[in-house]
Amino acid sequence: MPSEKMTGAQAVIRALELEEVDWIFGMPGGTILPIYDALFASEKLKHVLIRHEQVGGHAAEGYAHATGKVGVCMGTSGPGSTNLVTPIADAYMDSVPLVVITANVATSLIGSDAFQEADITGITMPVTKHNYLVTEPGDIPRVMKEAFHLARTGRPGPVHVDIPKDVLNLTLDFEYPSEVRIPGYMPRLKEEPKVAEAATLIRSATRPVIYLGGGVRTGNAFAEVFEFCELVGAPVVTTLHGKGAFPETHPSCLGMFGMHGSRYANYTVQGADLLIALGARFDDRVTGKLSTFAPEAKIVHLDIDPAEISKLVTATVPLVGDVKELLPKLGAAVRKAFDERGRPDLAPWWKKISDWREKHPLRIRQEGEKYILPQTAVHRIWQKCDGRAIVTTGVGEHQMWAAQFWKVSKPREFITSGGLGTMGVCLPFAIGIQLARPDALVVGIDGDGSFQMTLQDLATAVEHELPIKIFVLNNLFLGMVRQWQELFYDRRFSETPLADLPDLVKLAEAYKCLGLRARTLEELDPVIDQALAHQGGPCIVDIRVKRQEKVYPMVPAGAPLNDMIGGE
Amino acid sequence: MVEKIEQLPSGNIHTLSLLVENKPAVLQRIAGLFARRGYNIESLAVGPTERPEYSRMTVVVRLTQRPVEQAIRQLQKLIPVIEVKELSPNDKIERELVLIKIKTPEKNHAELRAIADTYEAQIVDVSPDALMIEATGTAAKLDALEERLAVFGITELCRSGAIALERGFKTLAPPHLKEG
Ligand SMILES: Cc1ncc(C[n+]2csc(CCOP(=O)(O)OP(=O)(O)O)c2C)c(N)n1
Chain A
1 MPSEKMTGAQ AVIRALELEE VDWIFGMPGG TILPIYDALF ASEKLKHVLI RHEQVGGHAA
61 EGYAHATGKV GVCMGTSGPG STNLVTPIAD AYMDSVPLVV ITANVATSLI GSDAFQEADI
121 TGITMPVTKH NYLVTEPGDI PRVMKEAFHL ARTGRPGPVH VDIPKDVLNL TLDFEYPSEV
181 RIPGYMPRLK EEPKVAEAAT LIRSATRPVI YLGGGVRTGN AFAEVFEFCE LVGAPVVTTL
241 HGKGAFPETH PSCLGMFGMH GSRYANYTVQ GADLLIALGA RFDDRVTGKL STFAPEAKIV
301 HLDIDPAEIS KLVTATVPLV GDVKELLPKL GAAVRKAFDE RGRPDLAPWW KKISDWREKH
361 PLRIRQEGEK YILPQTAVHR IWQKCDGRAI VTTGVGEHQM WAAQFWKVSK PREFITSGGL
421 GTMGVCLPFA IGIQLARPDA LVVGIDGDGS FQMTLQDLAT AVEHELPIKI FVLNNLFLGM
481 VRQWQELFYD RRFSETPLAD LPDLVKLAEA YKCLGLRART LEELDPVIDQ ALAHQGGPCI
541 VDIRVKRQEK VYPMVPAGAP LNDMIGGE
Chain B
1 MVEKIEQLPS GNIHTLSLLV ENKPAVLQRI AGLFARRGYN IESLAVGPTE RPEYSRMTVV
61 VRLTQRPVEQ AIRQLQKLIP VIEVKELSPN DKIERELVLI KIKTPEKNHA ELRAIADTYE
121 AQIVDVSPDA LMIEATGTAA KLDALEERLA VFGITELCRS GAIALERGFK TLAPPHLKEG
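Protein sequence lines, in the order shown, are assigned to chains A and B. According to this note's numbering, the residues represented by the first sequence are 1 to 568, in order. According to this note's numbering, the residues represented by the second sequence are 1 to 180, in order.
Don't read these hints as lab results, they were simulated from the structure. Just so you know, these numbers come straight off a predicted model, no measurement behind them. Each hint can be trusted.
BS3-like mimics (lysine-lysine), calculated; alpha carbons at most 30 Å apart, straight line: (1) A/K324 x B/K77; (2) B/K23 x A/K5; (3) A/K324 x A/K336.
Label-pair restraints from in silico Cβ distances: (4) B/E166 x A/S354: 50 to 60 Å; (5) A/T135 x B/E69: 30 to 40 Å; (6) A/T135 x B/R167: 32 to 42 Å; (7) B/V68 x A/E175: 36 to 46 Å; (8) B/Q28 x A/G558: 26 to 36 Å.
Glycine included, every Cβ here is placed at the ideal spot set by N, Cα and C.
The following block holds chain A by itself, in its conformation from the complex:
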């Protein structure tokens, strides 16, 4: 490609085009104006004007979650960039590929506390995979190329590029590099993964469990995981982000384990003699008290990030690598071990698990209850969607009910904030998902607290006529916090009632959305039908649920995983 003269801002736009970005989520401002001016001339890029940069960042995350492609968002200097910090941190915790572009004040003003100046690269350093402050216009093509490469390869994550305004206005010879050369970013495999050793462990285990995390999704290894799980025949448990990595309707799948996992899933993990962890990181929300976690289990841990191996739990056999590439090799070694030495007899183990499952199912105790239970609402919406929706959530009790009762059969169809646990992501995620997948049915299960954190962007959803459905499980509480107060703080409900909630139906209407409400069980089904049938724009459904309902079972923070309260 011959080089071409252009400004720094034009170079940013050209790079985005060459990376085949379709949607950019952002808001302009004085400092980033040169980029917006260059964008005006682009015929390929489409931009969503969001009403708050945080929403732009989360929408880009939703887009990335739903497609596996890199999400892109932009903001101006100072407040525009600081508003992006939460989504950046969220993407970092959940390994979401993101390229975040911000402008900064002119180079000569940096460090002078100029108007709308923030040391944003200093601020984002601990929550990005990598970040750049570009001081030479000639560096822009290389930096953009590297940013996309870093965001999408290895363990994906957010990469932030900050460019001072004068650098955006200077000219350069644009030549987009065809490859990246980053000396510190090369695979550093010290030794071949010990696949045979792992296979031997799997062959000798009589109580194995396969534990799937978000890495299966980021590694696009759905088919490989399915084949492996079928081969081993062990029970499969997942984390919140592992949902959909293996069909939850499959008899081997025990669903989510951890703090709000089912009793049978947690008992199974605790009783295991071997855990095969694939793309998972032993987060405290799944392990409970670490020193009592899976006390008899050896660990085979496969992960692309060497730093995750033995970070919290020592791996008996570490397997560093890409799950999509490495798992078939492990599968082949396991098959060979089975052929040579026969399959282990898992029948007694399965018998135990079936007993637990029968004795402690995830129940909905709606019968005789006059209010709508939130679990019922989730279950009914799921049934009426017939498993063909992409679901997203806010953060709180409603998120956990969705995780418990929304059975997912495909990856990238349950999208939520796991690591940072960010309230307010439901609507932004839904916007990003729907733009990425225009034909998909996009359903949000939100909480009244979470919904109020980003609801101004209903305007964005309306502007783009996105037919997203947001079901607000309205309990007039910051429910999850109230649950902790009820259980661990002597029912002292300090600042958790959300008393003056606006009328969500009128609010929806004020934003030109369809607003619906269900107060009773009789109203629930028709309202869901009406919402699902609505086209041409967003629909907000206010579902009044039983205020005091709690998420059970629950492993209290710091307790052993099999020490659950509720959900007998």
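Given the coordinates of chain A, assemble chain B with the ligand onto it according to the supplied hints.
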């Protein structure tokens, strides 16, 4: 059988040698990582290498929690970090530089010169009521010198932090950077 990684009995000291890109904010990234992950830095020294595009850092770190391999892997995740290695006690040459200022009447200078000689240290500045000693050596040797001088009253002291290299022909650079 699952081994959980918990508190090590007492902090263990490790010397890490890092080859990093010579770019702005790299030190901030590394120091920030140590702070965030809870590794205590005992000393950190950084300077250019034989190749201007790289710097070498020597970090002496006290780990009270996780094993040193975890710290190394976390450092390797940083994009500008090219290589990290722990230098084993038997296999490294480690040196530190110290400047010590002592405010003391001239009558003591002869005795101080004698002490300096024993430690192969040098007097690098002399005035009627003060003198400055420069010494290099292992941290232990400098500690001993400091202790010996304490009776005279140390007015000011500045230590460089350790720098270290592996003995023999081994180098830190990974294979893909060794040539050229
Ligand atoms: C940005 C942010 N602030 C605070 C919290 C702490 N927090 C976790 S859950 C929760 C309550 C959520 O309430 P709501 O969205 O109404 O959902 P519910 O639990 O009632 O289903 C709060 C405040 C958080 N996760 N995120």
